[in-house]
Every structure is written in structure tokens, then in C-alpha cells.
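So the sequence lines, in the order shown, correspond to chains A and B. Going by the numbering used here, 428 is the number at position 428 of the first sequence; the sequence numbering is gapless. Going by the numbering used here, 183 is the number at position 183 of the second sequence; the sequence numbering is gapless.
None of these hints come from the bench; they were simulated from the model. We treat Cβ as the ideally placed atom computed from N, Cα and C, and that holds for glycine. The reader is advised that the hints may include incorrect statements.
To be verified - Derived coverage of chain B by chain A (criterion: at least 3 residues anywhere in the stretch with Cβ under 8 Å from a Cβ of chain A; other residues may be distant): (1) 206-219; (2) 289-298.
What the hints assert, rightly or not - Distance condition first, Cα-Cα at most 35 Å in a straight line; then the derived DSBU-like pairs of lysine-lysine: (3) K379/A - K322/B; (4) K386/A - K83/B; (5) K13/A - K3/B; (6) K138/B - K60/A; (7) K370/A - K3/B; (8) K322/B - K403/A; (9) K60/A - K486/A; (10) K83/B - K370/A; (11) K372/A - K138/B; (12) K232/B - K424/A; (13) K379/A - K232/B; (14) K232/B - K486/A; (15) K83/B - K202/A; (16) K138/B - K394/A; (17) K6/B - K13/A; (18) K6/B - K372/A; (19) K370/A - K232/B; (20) K6/B - K60/A; (21) K242/B - K60/A; (22) K232/B - K60/A; (23) K372/A - K83/B; (24) K370/A - K242/B; (25) K3/B - K394/A; (26) K83/B - K394/A; (27) K372/A - K3/B; (28) K169/B - K403/A; (29) K6/B - K386/A; (30) K6/B - K390/A; (31) K403/A - K138/B; (32) K403/A - K3/B; (33) K386/A - K138/B; (34) K232/B - K390/A; (35) K232/B - K386/A; (36) K163/A - K138/B; (37) K3/B - K379/A; (38) K242/B - K424/A; (39) K138/B - K202/A; (40) K403/A - K6/B.
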Amino acid sequence: MSLQQPTERLHLKGITKEYPGCLANDDIELVVQPGETHALLGENGAGKSTLMKIIYGVIKPDSGSIRWQGESVQMQGPAHARQLGIGMVFQHFSLFETLTVAENIALSLPPEDSQDMEALSNRIREISTHYGMALEPDRYVHTLSVGAQQRVEIVRCLLQDIKLLILDEPTSVLTPQEVSELFRTLKTLAAEGCSILFISHKLDEVTELCNAATVLRNGRVTGRCNPQDVTSEDIARMMVGDDTPLSQNYQKAEGGDTAMSISNLTFHPEDPFGVHLNSLNLDIKAGEILGIAGVAGNGQDELCALMSGEEHSESGSITLLGNDITQLDPDSRRRQGFAFVPEERLGRGAVPNMSLVDNALLSASHCDMKQKGWINYGKVRDFALKVIDKYNVKCADEYAQAKSLSGGNLQKFIIGREIEQNPKLLVCSHPTWGVDIGAAILIRHALINLRDQGAAIVVVSEDIDELYQICDRIGAICDGKLSPFKPTNDVSIETLGQWMAGQFDQSARSGTEVSHA
Amino acid sequence: MLKLEKRQSDSRVMGYLSPLIALIATLICGAMLFAFLGHDPLEALYTFFLAPLQDTYGWTELGVKVGPLLLCAMGLTLCYRAKIWNIGAEGQFLMGALGGSWMALQFLGAESRWVLVPILLAGTISGMLWGGLAAWLKTRFNANEILTTIMLNYIALNALLWAVHGPLKDPAGFNFPESAMFADAAILPLFSEDYRLNVSILFALFFMVVIWTLMARSWIGYQIQVMGEDAKAAQYAGFNGKALTWFALLTCGALAGFAGVAEVTGPIGQLVPQLSPGYGYAAIIVVFLGRMQPVGILLASMLLALTFMGGEMIQIEMSLPKSLTGLFQGMLLFFLLAADLLISYRIVIKKSAVAQA
Numbered sequence: 001m002s003l004q005q006p007t008e009r010l011h012l013k014g015i016t017k018e019y020p021g022c023l024a025n026d027d028i029e030l031v032v033q034p035g036e037t038h039a040l041l042g043e044n045g046a047g048k049s050t051l052m053k054i055i056y057g058v059i060k061p062d063s064g065s066i067r068w069q070g071e072s073v074q075m076q077g078p079a080h081a082r083q084l085g086i087g088m089v090f091q092h093f094s095l096f097e098t099l100t101v102a103e104n105i106a107l108s109l110p111p112e113d114s115q116d117m118e119a120l121s122n123r124i125r126e127i128s129t130h131y132g133m134a135l136e137p138d139r140y141v142h143t144l145s146v147g148a149q150q151r152v153e154i155v156r157c158l159l160q161d162i163k164l165l166i167l168d169e170p171t172s173v174l175t176p177q178e179v180s181e182l183f184r185t186l187k188t189l190a191a192e193g194c195s196i197l198f199i200s201h202k203l204d205e206v207t208e209l210c211n212a213a214t215v216l217r218n219g220r221v222t223g224r225c226n227p228q229d230v231t232s233e234d235i236a237r238m239m240v241g242d243d244t245p246l247s248q249n250y251q252k253a254e255g256g257d258t259a260m261s262i263s264n265l266t267f268h269p270e271d272p273f274g275v276h277l278n279s280l281n282l283d284i285k286a287g288e289i290l291g292i293a294g295v296a297g298n299g300q301d302e303l304c305a306l307m308s309g310e311e312h313s314e315s316g317s318i319t320l321l322g323n324d325i326t327q328l329d330p331d332s333r334r335r336q337g338f339a340f341v342p343e344e345r346l347g348r349g350a351v352p353n354m355s356l357v358d359n360a361l362l363s364a365s366h367c368d369m370k371q372k373g374w375i376n377y378g379k380v381r382d383f384a385l386k387v388i389d390k391y392n393v394k395c396a397d398e399y400a401q402a403k404s405l406s407g408g409n410l411q412k413f414i415i416g417r418e419i420e421q422n423p424k425l426l427v428c429s430h431p432t433w434g435v436d437i438g439a440a441i442l443i444r445h446a447l448i449n450l451r452d453q454g455a456a457i458v459v460v461s462e463d464i465d466e467l468y469q470i471c472d473r474i475g476a477i478c479d480g481k482l483s484p485f486k487p488t489n490d491v492s493i494e495t496l497g498q499w500m501a502g503q504f505d506q507s508a509r510s511g512t513e514v515s516h517a
Numbered sequence: 001m002l003k004l005e006k007r008q009s010d011s012r013v014m015g016y017l018s019p020l021i022a023l024i025a026t027l028i029c030g031a032m033l034f035a036f037l038g039h040d041p042l043e044a045l046y047t048f049f050l051a052p053l054q055d056t057y058g059w060t061e062l063g064v065k066v067g068p069l070l071l072c073a074m075g076l077t078l079c080y081r082a083k084i085w086n087i088g089a090e091g092q093f094l095m096g097a098l099g100g101s102w103m104a105l106q107f108l109g110a111e112s113r114w115v116l117v118p119i120l121l122a123g124t125i126s127g128m129l130w131g132g133l134a135a136w137l138k139t140r141f142n143a144n145e146i147l148t149t150i151m152l153n154y155i156a157l158n159a160l161l162w163a164v165h166g167p168l169k170d171p172a173g174f175n176f177p178e179s180a181m182f183a184d185a186a187i188l189p190l191f192s193e194d195y196r197l198n199v200s201i202l203f204a205l206f207f208m209v210v211i212w213t214l215m216a217r218s219w220i221g222y223q224i225q226v227m228g229e230d231a232k233a234a235q236y237a238g239f240n241g242k243a244l245t246w247f248a249l250l251t252c253g254a255l256a257g258f259a260g261v262a263e264v265t266g267p268i269g270q271l272v273p274q275l276s277p278g279y280g281y282a283a284i285i286v287v288f289l290g291r292m293q294p295v296g297i298l299l300a301s302m303l304l305a306l307t308f309m310g311g312e313m314i315q316i317e318m319s320l321p322k323s324l325t326g327l328f329q330g331m332l333l334f335f336l337l338a339a340d341l342l343i344s345y346r347i348v349i350k351k352s353a354v355a356q357a
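If we strip away everything but chain A, and leave its shape as in the complex, we get (with noise of 0.2 Å):
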């Protein structure tokens, strides 16, 4: 094949990867030229993060070239990736917490290169502030913020002569002002003629930042575009194809009595790396939702755990409906009106081996389910029937094992499990993360309906968008404290910011504030 741009850096073509029931990547072309900051889009399983392990070599596909510079190569692994110029910062950050950051950085370092720690600091501290990304090298690892964790791994990637970096999802874990650090980074990145592969589905950042964007849906290219020139709607459509709604607005509510109070709420984790609440207040009312954002780690399932029960706490106290549940155990407070979604859907709110009708029982066992310690299962079954009908979950049947379900059909029986409840209160903790579009729209109306019922819902999450379209008053949690919460409409993108990076009157009593605006 002759060489018709011999200036690309990085030009993949044919890529396809079969995964059992599941073709992960399908015929991909994606071309990547110097300087570029290319913006690789699609919703979660459409197929991104394969690509850029195919491409950083940890995993090999079943068919397909790729070009770098021009030669055709084969990548042998990571280190062969490196070797050519490829650097990649992972959503998950592979540091050892105990070690500093200039000994973490000397362990992805060839041993010649990581002889001379003196040196290697040095060099750290000079480019850290060549790239405005400030960086002590003799900093433990935990005790960096997560932005400073993410520094870490991209200046490591920057040791090295760099000419393509790769980056997965990287402002899912920063808070706005982090995020515009981070791509004034990136900006000069860019300048110097690095490539940069930038995985999102955050559409304003990418219009922000790249300058050519490849749309991949169900593991096939479905568009490519330059995002300065066409609208976030545009990218959006060739996200998700025609047939879906893209967003909806809800009408705001406002709470009526208090359904749960929290008050003076304090808890040391035993977990060395759990995060202390003290002193915590937030009322939170019947036929509202209440949005919690904030950076994961700074204290939201301790919280969500303090409220559900699976925790207690040393002083302070929590009521439901104005009864005293501070001590009661997780079946009791279910029992009062009390319903929970946890974050890690498989595995927690659910059992992965285990058949939908059992997961049913796992919390709505109080649902009129068991007598005597004997399990009535024609009613478990008929509750798991209403919930896979009633929100629309695609299985096999109700004996399906949890673990053959979608993220988003699971996600689905689980928030279903929780609302035919009944419940008061209902917390739920990144309700729609990891689920397509459909689904986080059905999940969505869910719980507004339940709230239209006249339930409080507590939503923690870090995805700010959907925090705005549902929430009627918001706030945030960092490091262990409770920003104020205020009506959703009075609250600005960038007050909401501050509030997450912890920048919010200490002196005022955090999320008691009453609603009327």
C-alpha cells in the first residue's frame, strides 16, 4: 500500500474485536493527525475503551491494521506502545497510595532512567510547571486530591517523548475548576505538536477542547465531525441515533414536610481511607429531590451508608418521618419507609449469580414475602414479574441470573425493586451511571414519579447535567462536609463548582437552609 499521508501519526484501520455476544469493535477507521486533540465519543459500551486498549496494545484485535508515523506496526503490549511514543492515563489510576509520587513515577520508568531519584524529581518539578500542572515529587500518593493523582499519571506519560496520549474519560473524577486546569494543559500539549485522543461523552468539553471528534456507536463508526464547526445536538444525534429523545426538562417541586432529618451527624470510618463526616445537617422533605453532587471519595457512601444503616454513627442523629431510626439496622428502616440504590449495582445491589426473583427478595423481603421464617416465593415471584414488567427490564425470564443482565436492564430492576417499595425516602446513589440512554430516561421518570407521589428522593452523583435536569434543590459534599443546598434554579454551574471543591461558608449551617427563594 503506498504511503498517501505519510505525516499521520496514528491511522487504525479495519479494527474489529469479537467478544462472546458482543462485537466490541466493528471495521473502526480512525485517523489521528499531529497536534490533533481528537475527541472519540459514544455512550458507555459503544466500543471506546476497546479501541484505546487495542491501541495502547492490552489487547490484541482479531482483524485490522494500525499505522504509526506512517509504518505499519503490531503492538506487542503496553511497554512496546511506550516505546513507540503512546502514553495513556486510565479512568482508574494504577499509583501505589503509600509510595511518593517521583517513586511512582520511577517504577513505569526504564531501570536506567530511575537510577538517579535526585534527577528524576527535578525533571518531574520542571515539567509540572512547564505544563501548569503543579506536582511535589516527594508527596505521598494519598494524600494527592484526585486531580493532583490524575497529574501524577499524566506527567509520567510526559517523562517520556511523548507524541500520543491517550485519555480515558479523564474529567469524570475533577471538579470544574480542575477540569479547566487540566485542559490548559492539554491546550499546550497540543501546541507542541502532541496528539491527543480524548474519550468522553461530555459534549461541552469536547466542543471546548478537540478539534476533530469520531462518533462510535454499538462498536461502528456512526459519524466524524469537527466539533468547532457543528452543534452539540449534532454530535449528540450520531451519539445515539434518531430514534431517542435526547433530553427532557421537569418541572421543579417543592418539598413539603420533612421526611428525613439529619443532625449533627458524625462518623470516623475504620476504613484508614474512608473519609470522616462530622457534624453533618440536611433535612430533606417529602415530594422533593435532593441532589448531592460532588468528586467520588469526599464522604458520599459513608453518607449513603450512615442513612441506610449498614453504618452507625457516634453522635448525631437521623429521624424518618420524625421517628428516631439512628440506631435501627438496615431491615428495619426499610420497614419504616426506607428504600436504597447503591452505587455498584452488581455485586451490592444485587447478587450476580443469583435469579432475578431471588435478587427481589434481597431487599423487599419486608413486602409481605416471608412468614415466619418461611419464604412465600409465588409472592417474590409475582413482585419480580411486576417490576421486569412495569420498567421494561429485558431478560430471559425471571429466573435470569443478575449477572446476564445489561448494566442498564439491572439498573432498571433495581431502581424498580426499590419504588414498588413504596418507599418515603429513597436514596439513590448514581442512579443512571453506565446505562444508556433509554434507560437513564425511563429511570429518570421514575423518579420523578415518585416524587410526584409524594416520596423524598435523595440523588448522589457526579454527573452535574443530570443533577440539574432532575433535582429541585442541590448541594454538594466534600471532604466530609455538606455544602448548602439551594433551590436547583438559584445555584450557577460555577457556585455548584465551588461548593464541590469545598469552597463554601463553613460558618453557615451547612444544608439546613430552607427553600423558600
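Following the hints, complete the assembly by docking chain B onto the known chain A.
Using the frame of chain A, we list chain B on its own:
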């Protein structure tokens, strides 16, 4: 090129086929072993697996061995469903025998059948306490139950040896390490004077049904299974993991302890040092071979009982060592674990198609 590929959903067919594959592989390897030792493999396999069951006596002897295996296996099923890896059925069995024997020796002159009640209870409770010890270590100190139960097995064995050499030794027994023979009233009733099979097999079958009903229909059985499958889901649902651990280990200890006391008040009739040929360990194989299902466990316990009888038979008939029993049991478990891979994975034949430029 052969390649292992993860199945989308576990294969139910392979789940049931896997023990059969393991059995066939064991038979083939056994045949090869016999051939290597210079014996006609078919004749040896016949002697090992079929000759013991030629007459009614053979079948009743099978029942004698199925009883303790079944009791231990049902207790272990409860634990393993909760992913509590209790290896201690052997120790719980021995403690049951020891506790029951002590009680039986208090009633040497008894004439009423009712003495069996305190004797059986003493054995059951002894086994239960031994299981409770492991539960306490696990829930209080988070000690790994595999290690603690194995160690408790050795402690139980040494306690038994100490007792038969010391306090429970028959004063009129010419210094043999054995207890006195129990009173006739303290011996479990036989079905017939001609055979050794006693009513403990009925208890074993009864407890099999009880445990199974518990697992299939009861709330506590469901909780145990959820805890075993997915500890985080159990926590999410608010199940009390410590209480469930206590329940599983106490129940298993009680069943194994009952099996132990039924052995000394059954076929043996006194406390002896070698009272278990390794029932508690063989029961582990029974559980896995029987797919943790009642019918499977019943069949598997019959198969494992047969390996004990086959070992004796082959020693008598062909002068081969009795330790072949352990070898066959080991092979069964080994091949079973290998074949179980095919439940979640399948073998596909694939031409290597790596990206070509």
C-alpha cells in the same frame, strides 16, 4: 488453537456433567494405575467398585458408611453455601464421638433405651461446641476458618487419643487404648441382627431433608446463600453476618458430632483411637461432587462410601494397599475441580487471527 472463553452465563448442563466427567477420568486413571502396578485393570476396578456390592451385606455396609458421610456433608453444605470454608467436620465428628462416649461410660449398667437420649445429645453438643469454637475465632478475631478448623481437627484427634489412653481407658482392658464396651441399651438399634446397619441412617436422611428445606425455603437459608455469593449484597440488605456464621458452624458441628456419637454407639460400640477412616474429610469431596444439591450429595456420599469399602476389598482380594481409597478420593476431587472450569468457560477452537498489515 484451543482457547478458553468465558461463557455469558454459567452452564447448568456442565454443572451436572462435571461430576460424571470427573468420575470417568478417575476410572481411566485408576485403570492406568492398576495396569502400571501389574494387575488386570478391569478386574481391579471390578474388585474396587463392584465386588463390595454383590450381596445384601455389602449394601448394608454401604449404608453404615453413607450415614456419617451424609450427616457431615449436609453440615458442610450449609457452611460452604455461606462460603465459610469449614474443614473441621472431622474434628467435630471426633469430639462428638468423645463427648458421647464419656456420657455412655457414665451409664455402663443402664438397661433402658432412654440412655441413648443423653448420650446422643452429649455427642451432638460436643460437636456443636467444637464448631462454635471456630465460629468464635472467626467472628471475634477474624481468624481464617480454614486454618482454625484444620488445627482444631488435630486438637480433637489428640484429645481423643489422650482420653483413650487416660481417663476413658477400660480399667479391665489389659491396658489397650480402648474404652469399656458400652451397655447394650446404649447401642443404637439395628434393623436386623445379621447386619451392622442401624437407625442412624434414618436420622441422616431426615437431617438431609431438614437442611435442604432450610436452604430452599427458609429466610435464614436464603441469607446464608446471599452471604456466600456476595458479602456486600448481604451487608446492603442488612443481614447479620456474624449470626449467620455462628448458625452455620454450630449446625455443622452438631450434625458432625451426631455422626460421631452414632458411630461409637453404632458399629463400634466403644471408644477406640481409629474410629474415623476420615469421614469428615471425605464429606468435603461429597459436598463438591454432589453439587451442594440433596440428591447429588446422597449419590456422592454413596460413591465415597464405596471407595472406603473398595479399599478394604482390594486389600483383601489383591493385596494392594488400602490407601488406594485416599488416592481415588483425591483423584475425584482433582478432576472435579478441573472439570468445573467448564461451567463458566467453554473450549473453542480458533484460528489465531492477529492483526496483519
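Checked hints:
1. 206-219: holds (count 3)
2. 289-298: violated (count 0)
3. K379/A - K322/B: violated (54 Å)
4. K386/A - K83/B: holds (32 Å)
5. K13/A - K3/B: Distance ~26 Å between K13/A and K3/B Cα, so the pair holds.
6. K138/B - K60/A: violated (45 Å)
7. K370/A - K3/B: The given pair, whose Cα atoms are some 46 Å apart, is violated under the 35 Å limit.
8. K322/B - K403/A: The hint is violated at about 46 Å.
9. K60/A - K486/A: violated (50 Å)
10. K83/B - K370/A: holds (24 Å)
11. K372/A - K138/B: holds (29 Å)
12. K232/B - K424/A: holds (24 Å)
13. K379/A - K232/B: holds (25 Å)
14. K232/B - K486/A: holds (34 Å)
15. K83/B - K202/A: Between K83/B and K202/A the Cα gap is close to 42 Å, so the pair fails against 35 Å, i.e. violated.
16. K138/B - K394/A: Measuring from Cα to Cα gives roughly 41 Å; hence the hint is violated.
17. K6/B - K13/A: holds (28 Å)
18. K6/B - K372/A: violated (41 Å)
19. K370/A - K232/B: holds (22 Å)
20. K6/B - K60/A: Holds: K6/B and K60/A sit about 17 Å apart, inside 35 Å.
21. K242/B - K60/A: Answer violated: K242/B to K60/A is near 46 Å, above 35 Å.
22. K232/B - K60/A: holds (34 Å)
23. K372/A - K83/B: holds (25 Å)
24. K370/A - K242/B: With a Cα-Cα distance of about 22 Å, the restraint between K370/A and K242/B holds, given a limit of 35 Å.
25. K3/B - K394/A: The given pair, whose Cα atoms are some 30 Å apart, holds under the 35 Å limit.
26. K83/B - K394/A: The given pair, whose Cα atoms are some 31 Å apart, holds under the 35 Å limit.
27. K372/A - K3/B: Given pair K372/A, K3/B is violated - Cα atoms ~50 Å apart, limit 35 Å.
28. K169/B - K403/A: Cα-Cα ~58 Å, so violated.
29. K6/B - K386/A: Measuring from Cα to Cα gives roughly 31 Å; hence the hint holds.
30. K6/B - K390/A: holds (32 Å)
31. K403/A - K138/B: holds (30 Å)
32. K403/A - K3/B: holds (23 Å)
33. K386/A - K138/B: Not OK: K386/A and K138/B at ~40 Å, beyond 35 Å, violated.
34. K232/B - K390/A: Holds, at about 27 Å.
35. K232/B - K386/A: holds (26 Å)
36. K163/A - K138/B: violated (54 Å)
37. K3/B - K379/A: violated (43 Å)
38. K242/B - K424/A: Distance of about 30 Å is within 35 Å: holds.
39. K138/B - K202/A: The hint is violated at about 48 Å.
40. K403/A - K6/B: Roughly 13 Å between the alpha carbons, so the hint for K403/A and K6/B holds.
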